[in-house]
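A.B. asks: Letter by letter, the chains look like this.
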Amino acid sequence: MSLEISNVSVAASGAPILTSVSLTVGDHERVGLIGASGSGKSMLATSVMGLMPSNVTVRGSALLDGQELVGLSPHQFADIRGRSVGFVFQDPLASLNPVVPVGTQIAAPLKRHYSLGSAERRSRVEAMLEKVGLEPRLATAYPHELSGGQAQRAAIACALITSPRLIIADEPTTALDAMTQVQITHLLSSLVDDAGASLLFITHDFSVLARVAQRCYVLGAAPESARAGSSTAGSSNVGSSNVGSSNVGSSIVESGETHELLAHPRSAAGARLVEAARRLSFSAQNADQMPVPPRSHEGGQL
Amino acid sequence: MLKFVVRRLVLFVVALALLSVVVFACLRILPGNVAAVMAGTNSTPERVAALSAQMGLDRSYPAQYAAWMSDMAHGNLGISMLTGRSTMAETWGRAQVTLPLIIFGLILSLIIGVPLGVVGATRRTGGLHSVLRYVSLAAGAVPALWGGLLLIMVFGQGVGLVGIFPAQGFPDNGWGSPGQAFSSLILPALSVGIISGAQMMRYTQSALDGVAESGYVTMAMAAGSTRARAIRTTGLRIVLPELISVTGLSFAQMVTGVLVIENLFSLPGLASMLVSDVGNRDLIKVQSELMLLAAFFLAVGLVTDIAHRIADPRLRAGASLEGGVQ
Numbered sequence: 037m038s039l040e041i042s043n044v045s046v047a048a049s050g051a052p053i054l055t056s057v058s059l060t061v062g063d064h065e066r067v068g069l070i071g072a073s074g075s076g077k078s079m080l081a082t083s084v085m086g087l088m089p090s091n092v093t094v095r096g097s098a099l100l101d102g103q104e105l106v107g108l109s110p111h112q113f114a115d116i117r118g119r120s121v122g123f124v125f126q127d128p129l130a131s132l133n134p135v136v137p138v139g140t141q142i143a144a145p146l147k148r149h150y151s152l153g154s155a156e157r158r159s160r161v162e163a164m165l166e167k168v169g170l171e172p173r174l175a176t177a178y179p180h181e182l183s184g185g186q187a188q189r190a191a192i193a194c195a196l197i198t199s200p201r202l203i204i205a206d207e208p209t210t211a212l213d214a215m216t217q218v219q220i221t222h223l224l225s226s227l228v229d230d231a232g233a234s235l236l237f238i239t240h241d242f243s244v245l246a247r248v249a250q251r252c253y254v255l256g257a258a259p260e261s262a263r264a265g266s267s268t269a270g271s272s273n274v275g276s277s278n279v280g281s282s283n284v285g286s287s288i289v290e291s292g293e294t295h296e297l298l299a300h301p302r303s304a305a306g307a308r309l310v311e312a313a314r315r316l317s318f319s320a321q322n323a324d325q326m327p328v329p330p331r332s333h334e335g336g337q338l
Numbered sequence: 335m336l337k338f339v340v341r342r343l344v345l346f347v348v349a350l351a352l353l354s355v356v357v358f359a360c361l362r363i364l365p366g367n368v369a370a371v372m373a374g375t376n377s378t379p380e381r382v383a384a385l386s387a388q389m390g391l392d393r394s395y396p397a398q399y400a401a402w403m404s405d406m407a408h409g410n411l412g413i414s415m416l417t418g419r420s421t422m423a424e425t426w427g428r429a430q431v432t433l434p435l436i437i438f439g440l441i442l443s444l445i446i447g448v449p450l451g452v453v454g455a456t457r458r459t460g461g462l463h464s465v466l467r468y469v470s471l472a473a474g475a476v477p478a479l480w481g482g483l484l485l486i487m488v489f490g491q492g493v494g495l496v497g498i499f500p501a502q503g504f505p506d507n508g509w510g511s512p513g514q515a516f517s518s519l520i521l522p523a524l525s526v527g528i529i530s531g532a533q534m535m536r537y538t539q540s541a542l543d544g545v546a547e548s549g550y551v552t553m554a555m556a557a558g559s560t561r562a563r564a565i566r567t568t569g570l571r572i573v574l575p576e577l578i579s580v581t582g583l584s585f586a587q588m589v590t591g592v593l594v595i596e597n598l599f600s601l602p603g604l605a606s607m608l609v610s611d612v613g614n615r616d617l618i619k620v621q622s623e624l625m626l627l628a629a630f631f632l633a634v635g636l637v638t639d640i641a642h643r644i645a646d647p648r649l650r651a652g653a654s655l656e657g658g659v660q
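As you go down the protein sequences, you meet chains X and Z in turn. Here the first sequence is numbered in the working numbering, starting from 37 and rising by one per residue. Here the second sequence is numbered in the working numbering, starting from 335 and rising by one per residue.
Don't read these hints as lab results, they were simulated from the structure. All figures in this text were calculated on a predicted structure; none of them were measured in a lab. Please note that the accuracy of each hint is not assured.
If we take Cβ atoms under 7 Å as the criterion, some of the chain X residues that face chain Z in the derived model are [as the list claims (entries may be wrong)]: (1) His111; (2) Gln112; (3) Asn133; (4) Tyr178.
Calculated from the model, a selection of chain Z residues having no Cβ within reach of chain X, i.e. all distances over 12 Å [said to hold, decoys possible]: (5) Ala407; (6) Gly474; (7) Gln533; (8) Asp646; (9) Pro647.
From the three backbone atoms N, C-alpha and C, an ideal C-beta is built for every residue, glycine too.
Bound conformation, chain X alone (with noise of 0.2 Å):
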């Protein structure tokens, strides 16, 4: 399935986030969507597929298989999600129902979009399970229960159960440890690939994403051309020209392979994210030959 985004601006209560952004997520393919933490990354995602809070507004265009997405009706996106795009977000525990058993809320999207029997449900949701690594008694489990890595994945199944042909991760793996976030990448994108579906990973660390995404966007502050061209198209974009591109919102500053991108960054913000993914990998490479620093207050009297 592809999602082609094209001139998206979102403003949240008149003040713009996301200021003309166009990118494409091809049949089959695993896109990467990275930016610094408060570029608009998620935004971008929630807002297309109509998740972002009332006072948010979407301009542009996106297009899920060629329907317009920009627009619909409540009910219509509703339609849509669960069904023809499943969604992964960055903290399990804070996005699973915290009072319901996890193998109810896998279910969920099955009950809201097809009707099955419960007996065929629960088999479903047990094999889903047995799928992204967790035992089909966990279906009982209350997210409570679960570490952090059985939650992600549990959520995970619930992105897939539907078997939806575009997945959207939403930083997936931030809440997670290292050893767990290479698990959950892994996972997410053998999954994706056995369903044959469309991935756009979103992140702001491309250490995670060069596992992931063979394509990538940068998002980052828009460029001066951007700039111009909103002021003079939108209203939204009133007294933006004294205070700088905090008042304009990002826009993709590059995109291409992400090898490519990772070994030659051309924009200041991909530079900048590529440098601090070297700089953690740097240090935990040789973090056993690094001096621990001296503790300043022996004795315990802190």
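Take the given structure of chain X and dock chain Z to it, following the hints.
C.D. replies: Showing chain Z alone in chain X's frame:
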């Protein structure tokens, strides 16, 4: 869970025992002694002494307390000084008016409050949201007495604009004529139910507002719900334990709240009995009544706590499922 219930029951008994000491002590530290107060200011010392002996008040305090407790344990709440009837029988008769009134009022409060609170939380923009907020504020601020009077003036038989419900008294044969008994509780129950319902509505709305844009609701939306539907299902389920606690509190509040209402509608209920017994200085009966009231409050708290725990799996002490596949 069983451990929790047992612990909570033990706490219930301990609290009840402590309260019995407080009630007993309060009536003993009245100026003079209970017999003197009951006999009245103009009675002779002989009359007071006779009353003391009759009620066993000439014994030591521990002996009196022990006798009272043993009587209570056997379901004997003593005898009214004024009517000579057993307190238990009188209380039971009165409870047949008050308990249905409270339960009826509580049901009305939930029927009014929860759906309107949900509507208020799902219509997050626009006029209805504000209108509902103001209605709940205004209705919650109305004193029960005034609200009851208004209801009588509008719906009371014989006095109201559309006199369709009885506004005074309760049938003499009680629930022997159920239709009549029920209809005589409609206006009183509305008086307490509307006010408590307005409170319930505000609680529901603000609790749901707290989760309306949370990750839980977004997750439910991602599974194929509109935001309104996600708030109605996922949101309401998440705040259910909170609402159970609030319902328990309103229940306890109503026990005292119906005092005014029973008097306004001339209902022969528990509250009016307690007030007239205090006025009549029927102190031994008052002592037992206070004890029953306290037990009732504590029982409501007990049931609320257990229901809260059932509704919130995070509080249930259950088997940990750690060690599943990572």
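A.B. asks: According to the definition I'm using, a residue is off the interface if its beta carbon is farther than 12 Å from all beta carbons of the partner; does Pro647 of chain Z meet that for chain X?
C.D. replies: 5 Å, violated
A.B. asks: Was the hint right that His111 of chain X lines chain Z, CB cutoff 7 Å?
C.D. replies: With a minimum Cβ separation of about 6 Å from chain Z (threshold 7 Å), the hint on His111 of chain X holds.
A.B. asks: Over 12 Å to the closest beta carbon of chain X is the bar; see if Gly474 of chain Z clears it.
C.D. replies: 26 Å, holds
A.B. asks: Decide, holds or violated, for the assertion that all CB atoms of chain X are farther than 12 Å from the CB of Gln533 of chain Z.
C.D. replies: Given that every Cβ of chain X is farther than 12 Å from that of Gln533 of chain Z, nearest at about 24 Å, it holds.
A.B. asks: Take a quick look at Ala407 of chain Z and tell me if its Cβ sits farther than 12 Å from every Cβ on chain X, holds or violated.
C.D. replies: 40 Å, holds
A.B. asks: In terms of Cβ atoms, is chain X entirely out of 12 Å range of Asp646 of chain Z?
C.D. replies: 6 Å, violated
A.B. asks: Is the interface hint for Gln112 of chain X satisfied, with its Cβ closer than 7 Å to some Cβ of chain Z?
C.D. replies: Nearest chain Z Cβ about 10 Å off; hint violated.
A.B. asks: Regarding the hint that Asn133 of chain X lies at the interface with chain Z, is the smallest CB-CB distance below 7 Å?
C.D. replies: 5 Å, holds
A.B. asks: Does Tyr178 of chain X meet its interface restraint, that is, does its C-beta lie within less than 7 Å of any C-beta in chain Z?
C.D. replies: Hint holds; Tyr178 of chain X Cβ to chain Z Cβ min 5 Å, cut 7 Å.
Of the numbered hints listed earlier, those contradicted by the structure are 2, 8, 9.
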